[in-house]
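Each residue of the sequence shown is one higher than the one before, starting from 150 at the first, in our numbering.
I should point out that these hints are in silico values taken from the structure, not numbers from a laboratory. Even for Gly, the Cβ is constructed at its ideal location relative to N, Cα and C. Misleading hints may appear alongside valid ones.
[Claimed, not checked] Ranges between beta-carbon positions, derived for each pair:
(1) Val-180 - Lys-153: 16 to 26 Å
(2) Glu-198 - Glu-154: 33 to 43 Å
(3) Lys-207 - Glu-167: 20 to 30 Å
(4) Lys-199 - Lys-153: 18 to 28 Å
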Amino acid sequence: MEEKETKPLTPPLQDLGECKVVWKEEEKTKVGRGKITNDDVNFVYLTGEKGTVIVNKKDIIAIKAAAQEE
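Kindly produce the complete structure, drawing on both the sequences and the hints.
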């Protein structure tokens, strides 16, 4: 049987560059724009113009990366 090398569907979160993160917080939907500076098992650290926000991964609805220029 042939073994195929598999790649993850998405790059590590720190490699996304500028992105938009949407998450739920209490009964509201929040949006943050910036760069993901770190992530661990439970949290994502998003740093933007207004500072750093720590978002629980369970609350994240979507992450959209900005278009990469090549």
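We went through each hint and held it up to the structure:
1. Val-180 - Lys-153: 16 to 26 Å: violated, 38 Å
2. Glu-198 - Glu-154: 33 to 43 Å: holds, 39 Å
3. Lys-207 - Glu-167: 20 to 30 Å: holds, 24 Å
4. Lys-199 - Lys-153: 18 to 28 Å: violated, 44 Å
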